[in-house]
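Trainee: Residue strings, one per chain:
There are 6 protein chains.
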Amino acid sequence: MGELVSVYREEHFNAAHRLHNPAWDAEKNERVFGKCNLPNYHGHNYVLVVKVTGEINPETGYVMDMKVLSDLISDHVLQRFDHKNLNQDVAEFRSLNPTAENIAIVIFRILRPLISEHLSLQIRLYETPRNFVEFPVV
Amino acid sequence: MGELVSVYREEHFNAAHRLHNPAWDAEKNERVFGKCNLPNYHGHNYVLVVKVTGEINPETGYVMDMKVLSDLISDHVLQRFDHKNLNQDVAEFRSLNPTAENIAIVIFRILRPLISEHLSLQIRLYETPRNFVEFPVV
Amino acid sequence: MGELVSVYREEHFNAAHRLHNPAWDAEKNERVFGKCNLPNYHGHNYVLVVKVTGEINPETGYVMDMKVLSDLISDHVLQRFDHKNLNQDVAEFRSLNPTAENIAIVIFRILRPLISEHLSLQIRLYETPRNFVEFPVV
Amino acid sequence: MGELVSVYREEHFNAAHRLHNPAWDAEKNERVFGKCNLPNYHGHNYVLVVKVTGEINPETGYVMDMKVLSDLISDHVLQRFDHKNLNQDVAEFRSLNPTAENIAIVIFRILRPLISEHLSLQIRLYETPRNFVEFPVV
Amino acid sequence: MGELVSVYREEHFNAAHRLHNPAWDAEKNERVFGKCNLPNYHGHNYVLVVKVTGEINPETGYVMDMKVLSDLISDHVLQRFDHKNLNQDVAEFRSLNPTAENIAIVIFRILRPLISEHLSLQIRLYETPRNFVEFPVV
Amino acid sequence: MGELVSVYREEHFNAAHRLHNPAWDAEKNERVFGKCNLPNYHGHNYVLVVKVTGEINPETGYVMDMKVLSDLISDHVLQRFDHKNLNQDVAEFRSLNPTAENIAIVIFRILRPLISEHLSLQIRLYETPRNFVEFPVV
Numbered sequence: 001m002g003e004l005v006s007v008y009r010e011e012h013f014n015a016a017h018r019l020h021n022p023a024w025d026a027e028k029n030e031r032v033f034g035k036c037n038l039p040n041y042h043g044h045n046y047v048l049v050v051k052v053t054g055e056i057n058p059e060t061g062y063v064m065d066m067k068v069l070s071d072l073i074s075d076h077v078l079q080r081f082d083h084k085n086l087n088q089d090v091a092e093f094r095s096l097n098p099t100a101e102n103i104a105i106v107i108f109r110i111l112r113p114l115i116s117e118h119l120s121l122q123i124r125l126y127e128t129p130r131n132f133v134e135f136p137v138v
Numbered sequence: 001m002g003e004l005v006s007v008y009r010e011e012h013f014n015a016a017h018r019l020h021n022p023a024w025d026a027e028k029n030e031r032v033f034g035k036c037n038l039p040n041y042h043g044h045n046y047v048l049v050v051k052v053t054g055e056i057n058p059e060t061g062y063v064m065d066m067k068v069l070s071d072l073i074s075d076h077v078l079q080r081f082d083h084k085n086l087n088q089d090v091a092e093f094r095s096l097n098p099t100a101e102n103i104a105i106v107i108f109r110i111l112r113p114l115i116s117e118h119l120s121l122q123i124r125l126y127e128t129p130r131n132f133v134e135f136p137v138v
Numbered sequence: 001m002g003e004l005v006s007v008y009r010e011e012h013f014n015a016a017h018r019l020h021n022p023a024w025d026a027e028k029n030e031r032v033f034g035k036c037n038l039p040n041y042h043g044h045n046y047v048l049v050v051k052v053t054g055e056i057n058p059e060t061g062y063v064m065d066m067k068v069l070s071d072l073i074s075d076h077v078l079q080r081f082d083h084k085n086l087n088q089d090v091a092e093f094r095s096l097n098p099t100a101e102n103i104a105i106v107i108f109r110i111l112r113p114l115i116s117e118h119l120s121l122q123i124r125l126y127e128t129p130r131n132f133v134e135f136p137v138v
Numbered sequence: 001m002g003e004l005v006s007v008y009r010e011e012h013f014n015a016a017h018r019l020h021n022p023a024w025d026a027e028k029n030e031r032v033f034g035k036c037n038l039p040n041y042h043g044h045n046y047v048l049v050v051k052v053t054g055e056i057n058p059e060t061g062y063v064m065d066m067k068v069l070s071d072l073i074s075d076h077v078l079q080r081f082d083h084k085n086l087n088q089d090v091a092e093f094r095s096l097n098p099t100a101e102n103i104a105i106v107i108f109r110i111l112r113p114l115i116s117e118h119l120s121l122q123i124r125l126y127e128t129p130r131n132f133v134e135f136p137v138v
Numbered sequence: 001m002g003e004l005v006s007v008y009r010e011e012h013f014n015a016a017h018r019l020h021n022p023a024w025d026a027e028k029n030e031r032v033f034g035k036c037n038l039p040n041y042h043g044h045n046y047v048l049v050v051k052v053t054g055e056i057n058p059e060t061g062y063v064m065d066m067k068v069l070s071d072l073i074s075d076h077v078l079q080r081f082d083h084k085n086l087n088q089d090v091a092e093f094r095s096l097n098p099t100a101e102n103i104a105i106v107i108f109r110i111l112r113p114l115i116s117e118h119l120s121l122q123i124r125l126y127e128t129p130r131n132f133v134e135f136p137v138v
Numbered sequence: 001m002g003e004l005v006s007v008y009r010e011e012h013f014n015a016a017h018r019l020h021n022p023a024w025d026a027e028k029n030e031r032v033f034g035k036c037n038l039p040n041y042h043g044h045n046y047v048l049v050v051k052v053t054g055e056i057n058p059e060t061g062y063v064m065d066m067k068v069l070s071d072l073i074s075d076h077v078l079q080r081f082d083h084k085n086l087n088q089d090v091a092e093f094r095s096l097n098p099t100a101e102n103i104a105i106v107i108f109r110i111l112r113p114l115i116s117e118h119l120s121l122q123i124r125l126y127e128t129p130r131n132f133v134e135f136p137v138v
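Residue numbers (the working numbering), protein chains in the order written: chain W, 1 to 138; chain G, 1 to 138; chain X, 1 to 138; chain Y, 1 to 138; chain V, 1 to 138; chain H, 1 to 138.
Calculated directly from the structure, the hints in this document are not laboratory data.
Check the hints yourself; a few may be wrong.
Pairs count within a copy or across copies, as identical chains cannot be separated in the list.
The calculated lysine to aspartate or glutamate pairs, modelled on DMTMM-like cross-linking and capped at a C-alpha distance of 25 Å, are [what the hints assert, rightly or not]:
| hint | residue 1 | residue 2 |
| --- | --- | --- |
| 1 | Lys51 | Glu11 |
| 2 | Lys51 | Asp25 |
| 3 | Lys28 | Glu55 |
| 4 | Lys28 | Glu92 |
| 5 | Lys35 | Glu117 |
On a predicted model such as this, the values are computed, not experimentally measured, just so you know.
Between the sequences and the hints, there should be enough to build the whole structure, so can you do that?
Mentor: The following block contains the structure:
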């Protein structure tokens, strides 16, 4: 059996979003979310780092082919999120606030069934260079 | 007289935008602007670098106090652009396409009257780490 | 109950310091600490990354409001460390060598009581882009 | 006893390599490894981050002197890998495919005996800014 | 007429190379080029920044469509340089030493005829984050 | 004759400093320089980028050997500035305020006589990632 190694792939997408809880009135939304609640949306260059952990395949020296991982992310995440309005265009955020935390969980749930169950998966998402999140916690 | 030196200050703002020419039909807008034309907006973490060139003041050793420059950018650019929808919320882009080129020129025109005429000014604007612009050309 | 997520906030401070063990003579201090022991201090642009782990609040989609975390760091760490001489101006380092390791532990002890006990906390501190530390170990 | 802290040191080396499994024919090598299998080699600016975890020495405030760690990496890794062709010049890769995963494991095995057994060790290796690996998994 | 603006596009390629002057003996090559002359090649993650300066088209707000520029670089530079051995695989370096200076000039000469004569062109090439070059000089 | 190319070399030094004009009283110094005037010094990880412009030597493909340039910077700038207190340890700042502007000019004057008169020279100095200067202006 091969050694356990973690491999990481970084991808990018640019999207608009707005933080808002429809169960609250405008005043509470503004108090809690501040300028992130402004009605006409703002946006970010999101940086997505996908971590996959598993055994090295001794024939390839790979845990997972990074080209395959990059294509999976591109087809299933970037295709749906890049240059989109997360609140309006991405079904998962119709009733879920698109905070960095929730976006990371949604991306995890998209990718998890697409990656071998012998490999573990973790998502890191940068909303800005100074604000980022990680899911799941290990 | 002091030596001529250029000083740079980097600031950031996060905004939504969409590229669109209202004089064209939907088909031509999509052909020219691609996914940047998608109707519900997308967004970026814009990085703004303001360059000011002039003589060092021998009493301070400064060309210009970077705190003063940072406050000017904050009050006159970030206040109006950060966490906003450039197309909808910023008057200058009501009838001007918010490409990186045009945003840089608009920022130049905002800041130019606020900075001493003895100092020259140049704007560098990063839309993404891989796409950026500079105005004016020197 | 919400999912467990880690959130990170990056802040910066610029400080002078010097490594020195008053229990040793000058020769041993110089042999152990090299140029970090030079008597008139040197300095760094410290980069501080604070990691907070806990459950997402389903109403906000936040583990913790990053604005609140940023303000806590600003009021209790940056206010006391930024543009200061760590050895001379910060009480904790009067008798504790201001290595990156010890600075990280001091920052952890300052922030720990200020953050909900339902959240766990970790400090990463960059002394330079090439030298950094993490506390506590998880 | 001192607190447990992790310390990190970043170093760099520039090397050529090629991915190839000699047990496979040319067609399969090209299908699996793509352009990474091209016969005349390509190369990378590898970024190596070495993480050492252990107790702070209360006399120095160090887990380990970063100068000592840097010298160990320089003498035992960079000296053998920098400006080299990994496949042809580094004995460990004569019969081991120089993927990022395998390079990280080889570096771990080189450094492990050189560092106190009271300290734990982890290697992070960036092949590009967007592809990186970590060994061992903790 | 539109305003003059500079636009920049960053791309990447990974290549092997070796510095060598065939008119010199081995001893002089080693003395001048040091470890860059080692016979089995080493490599780099080259970062290429292409700067194009010209008038904004008032209909698009673009100096040049960055997608078009990116495709030109991809088809004419990356296709020929990425994952290649510059000395062996790229015709221009059969008899030209692949220093960063010469690579930048070769890239300029490849791209110059492909870009409108109304636009000026400059190449910046990073061999490492700490060594880079610019051509032509303006 | 060879083509004109600019080459850049990045180096780093960590130093303490304090902004202060001895001709002013304490109140004016504090008003003008703010927390940069605090009496016990603070510090920075300065990033120095040296740009040299000249003709390529057709025998080497170099404008200037980057190893030679790096050694010059190391011997004449880093040796005197790194891990030092600029105000107290560096003769040039005994009566000159160590602003980024003035440090860049001092470095230019140190390096200018050490580099061939056929090459032009420019200094870029980052005090922080967000504040930097360039001298001379071209």
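Trainee: Determine for every hint whether it applies to the structure shown.
Mentor: Evaluation of the provided hints:
no.	hint	in the structure
1	Lys51 x Glu11	both (12 Å within a copy, 22 Å between copies)
2	Lys51 x Asp25	neither (39 Å within a copy, 31 Å between copies)
3	Lys28 x Glu55	between (49 Å within a copy, 22 Å between copies)
4	Lys28 x Glu92	within (23 Å within a copy, 31 Å between copies)
5	Lys35 x Glu117	neither (41 Å within a copy, 28 Å between copies)
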